[in-house]
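> Residue numbers (UniProt numbering), protein chains in the order written: chain A, 1 to 460; chain B, 1 to 410.
Bear in mind the hints are in silico, worked out from the structure with no lab data behind them. Do not take every clue at face value.
[Unchecked claim] Residues on chain B that point at chain A, a partial pick, calculated with CB under 7 angstroms:
# : residue
1 : L9
2 : S215
3 : S219
4 : Y321
5 : V393
We put the CB at the ideal spot given by N, CA and C, even for glycine.
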Amino acid sequence: MPIDILMPALSPTMEEGKLSKWLKNEGDAVKAGDVIAEIETDKATMEVEAVDEGTIGKLLVAAGTEGVKVNTPIAVLLQEGESADAAAKAPAPAAAQQPAAAETVSAQPQIAQPVPAAPKSEPAADPDIPAGTEMVTMTVREALRDAMAEEMRANDDVFIMGEEVAEYQGAYKITQGLLQEFGARRVVDTPITEHGFAGIGVGAAMAGLRPIVEFMTFNFAMQAIDQIINSAAKTLYMSGGQMGAPIVFRGPNGAAARVAAQHSQDYAAWYSHIPGLKVIQPYTAADAKGLLKAAIRDPNPIIFLENEILYGQSFEVPKMDDFVLPIGKARIHRKGNDATIVSFGIGMTYAVKAADELAKEGIDVEVIDLRTIRPMDLPTVIESVKKTGRLVTVEEGYPQSSVGTEIATRVMQQAFDYLDAPILTIAGKDVPMPYAANLEKLALPNVGEVVQAVKTVCYR
Amino acid sequence: MPMNDRLSLHVPEPEVRPGDKPDFSRVEIPEAGSVRRPPEDAEAESMRDLAYSIIRVMNRDGEAVGPWAGSLSDDEIIEGLRHMMTLRAFDQRMLMAQRQGKTSFYMQHLGEEAISCAFQKALKPGDMNFPTYRQAGLLIAGGYPMVDMMNQIYSNDADPLKGRQLPVLYSARSHGFFSVSGNLGTQYIQAVGWAMASAIRQGTEISAAWIGDGSTAASDFHAALVFASTYRAPVILNIVNNQWAISTFQGIARGGSGTFAARGLGFGIPALRVDGNDYLAVHAVSQWAANRARRNGGPTLIEHVTYRAGAHSTSDDPSAYRPKEESNAWPLGDPVLRLKNHLTLRGLWSEERHRQAEAEIRAEVIAAQKEAERHGTLHAGGKPSARDMFEDVYAEMPAHLKRQRQQAGV
Chain A
1 MPIDILMPAL
11 SPTMEEGKLS
21 KWLKNEGDAV
31 KAGDVIAEIE
41 TDKATMEVEA
51 VDEGTIGKLL
61 VAAGTEGVKV
71 NTPIAVLLQE
81 GESADAAAKA
91 PAPAAAQQPA
101 AAETVSAQPQ
111 IAQPVPAAPK
121 SEPAADPDIP
131 AGTEMVTMTV
141 REALRDAMAE
151 EMRANDDVFI
161 MGEEVAEYQG
171 AYKITQGLLQ
181 EFGARRVVDT
191 PITEHGFAGI
201 GVGAAMAGLR
211 PIVEFMTFNF
221 AMQAIDQIIN
231 SAAKTLYMSG
241 GQMGAPIVFR
251 GPNGAAARVA
261 AQHSQDYAAW
271 YSHIPGLKVI
281 QPYTAADAKG
291 LLKAAIRDPN
301 PIIFLENEIL
311 YGQSFEVPKM
321 DDFVLPIGKA
331 RIHRKGNDAT
341 IVSFGIGMTY
351 AVKAADELAK
361 EGIDVEVIDL
371 RTIRPMDLPT
381 VIESVKKTGR
391 LVTVEEGYPQ
401 SSVGTEIATR
411 VMQQAFDYLD
421 APILTIAGKD
431 VPMPYAANLE
441 KLALPNVGEV
451 VQAVKTVCYR
Chain B
1 MPMNDRLSLH
11 VPEPEVRPGD
21 KPDFSRVEIP
31 EAGSVRRPPE
41 DAEAESMRDL
51 AYSIIRVMNR
61 DGEAVGPWAG
71 SLSDDEIIEG
81 LRHMMTLRAF
91 DQRMLMAQRQ
101 GKTSFYMQHL
111 GEEAISCAFQ
121 KALKPGDMNF
131 PTYRQAGLLI
141 AGGYPMVDMM
151 NQIYSNDADP
161 LKGRQLPVLY
171 SARSHGFFSV
181 SGNLGTQYIQ
191 AVGWAMASAI
201 RQGTEISAAW
211 IGDGSTAASD
221 FHAALVFAST
231 YRAPVILNIV
241 NNQWAISTFQ
251 GIARGGSGTF
261 AARGLGFGIP
271 ALRVDGNDYL
281 AVHAVSQWAA
291 NRARRNGGPT
301 LIEHVTYRAG
311 AHSTSDDPSA
321 YRPKEESNAW
331 PLGDPVLRLK
341 NHLTLRGLWS
351 EERHRQAEAE
361 IRAEVIAAQK
371 EAERHGTLHA
381 GGKPSARDMF
391 EDVYAEMPAH
401 LKRQRQQAGV
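Based on the provided sequences and hints, a complete structural model is requested.
This is the structure we're talking about:
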């Protein structure tokens, strides 16, 4: 039977790529291991190798095609004696190759995709963006880069440092072009020591500069947590107000895909525990841009939690000379009357998708994007709960002492009389993140759980 | 030094970047056999010069020369060559498997095979390595089954780590291979702690710490040296200097110090630099350090000087930050080729035998791969059990995890 050659995932988080070049033509014989094509991802150019021996029957995707999804058939490989016509009739391979494994979660239909794509529906208008402002589409990655570049142009004291930020343009390409524009004095590759360069940043901030410290991931910043908490967060207080640390610690946070226990942790709840810090976790590109600019200008130490999976997602961003958003203000992402979902960061992807599904069943959900975890905009949440009487929180972090349990406590204390049902908190499972795709999916929250939770609080 | 009104920041830069001609003229390479071999119980202070040289055994012609030669029998050397060839073949198959979508991620050893393969032969059962992600030769040379390594890489239903860990972050306690940490540096200090425990228990086992040139910047490295020095822990402190920490050249972590090995001098720890592409030299130096540790002589720091000929990982494209032909210009050559030449020169090996060994090894690796793929790969076949996901969070499963497992329907 002809074999479909599928678009491979060349890195754990790759979802699509550009098929830049074919190195084999239709009719060419290939051996296993032959390089057949080149693929560009957002990280690098990679070679695709043939899995089996055969003859290239058909090239299904033209060279130069962008946005080819992982696992799409890109070519057909013919075995001896087969013709290209047979290839056209060949069934899709995926279903046939997946044996039913009773113990795996793939057998559980209610488990949805862990990371739903960005929603198509427009977010509710942000009152901080003037009506009629022209919008441009950009990825979260571009928005973050632009925010830093704009602030670096505006203020010579702003600089960025971290591992791979200069020559490599960022491990996740967030600092693309910054070295070229601002030079090695302001875009600094550091040695591999989060504890070390977080401390350098705190020192530089105390000396009057405005450092942006990029952590390759917040998982690595565990090493730096003493500098962040015991020094950055507390020095203004301990020095009697004499010296503080205006500094931004930013980088990807939480689970990406297939990076397992040590690289998949959500630190929102951890940092939000600490007085002296502000903690931001944006979802949209507009919020990423407006809030990062605000963070760089803020006189306090800021934890800015990004997400690797969101980096490549596109959103509308206002085209303004200086688009800055207020820190500490939630945004109503979608208006509704029957129940409230509060989330932040990538948790919003589950919330938004669940709201779409619930709408089909006649449940009109209000979705609030917290955007800032500390200071927390509880009034916006309470206003919504007064209207809906029902609340579900969604986050990827662990269930105990989570952001959701904090919200639940405060809403219970301040709006008890308005609640028509117990508040439900959706979080990740209480296990270190496994590597295997099926287990990872199971360990994270999913849209089905959010839908079910909203129905439960609505007694449906 | 001229007096300036204003200060300026020094940022080290590699000699060359993509498009430039490779240049390793800064790497001073002494002749093979020219570096002295101190007694295993010599005072650390008496061998400070060794931190600035490179111990080499095989010369350009392939002869084993000098005081460090002769630590292995002929059969052991042939076995060593086969281990390196196996590791290389294993890497090739797994890189291909990654490019075919059978796993999400892989890290190869190309050019660095001698270090982990030769080092393991200096250890004894019961000793413990605290490896990084580029020491799979410790497992290959230690006789760990390749199929188990592949099951881990494929995260299938026979994965010894039950689908919990990133590909290549193996764990094999029975084979003296501590679970690899994805966060760098953390295990350097743990290896020292393990060695101190062995001494406290009055055992006979030693440990080996592993770190890359880049991660020596991490605080853990420095803390490890303090403890190893103070308590004279029976530990071998390995630094694999492969010149590149992803895109960051070794000068960023090394800064103004002459060598990474010299980091040990301030702590009074004997520090040896060895030609990491010379299987015989790596073994001799490792053996020296192991013997010293076993005789209660305390820690030794070894800097293995090598070159990462491949990409950092399958997510990396080195052409963005270094000349493509740089690895060919690396002056210490290829470890497999060098040992092959040595054995051939001595009449213990031949082109013919090499080809035959290559074919045999390839067949062994492919057989292991087929067996592993029968259990499944990332996208197809058997998956780790969802039931197991809730195990081992605690030694005994608490009630709330039992509840979560029940809710998950597994």
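> Tell me if B:S215 is really an interface residue toward chain A, meaning its C-beta lies closer than 7 angstroms to one of theirs.
B:S215 check passes; min Cβ-Cβ to chain A is 5 angstroms, inside 7 angstroms.
> Using 7 angstroms as the Cβ threshold, decide whether B:V393 counts as touching chain A.
Since the shortest Cβ distance to chain A is 5 angstroms, the answer is holds.
> Have a go at the B:S219 hint: is there a Cβ in chain A nearer than 7 angstroms to its own Cβ?
holds (5 angstroms)
> Per the CB criterion, is B:Y321 less than 7 angstroms away from chain A?
With a minimum Cβ separation of about 5 angstroms from chain A (threshold 7 angstroms), the hint on B:Y321 holds.
> Under the criterion of a CB-CB separation shorter than 7 angstroms, is B:L9 in contact with chain A as hinted?
holds (6 angstroms)
Checked against the numbered hints given earlier, this structure breaks none of them.
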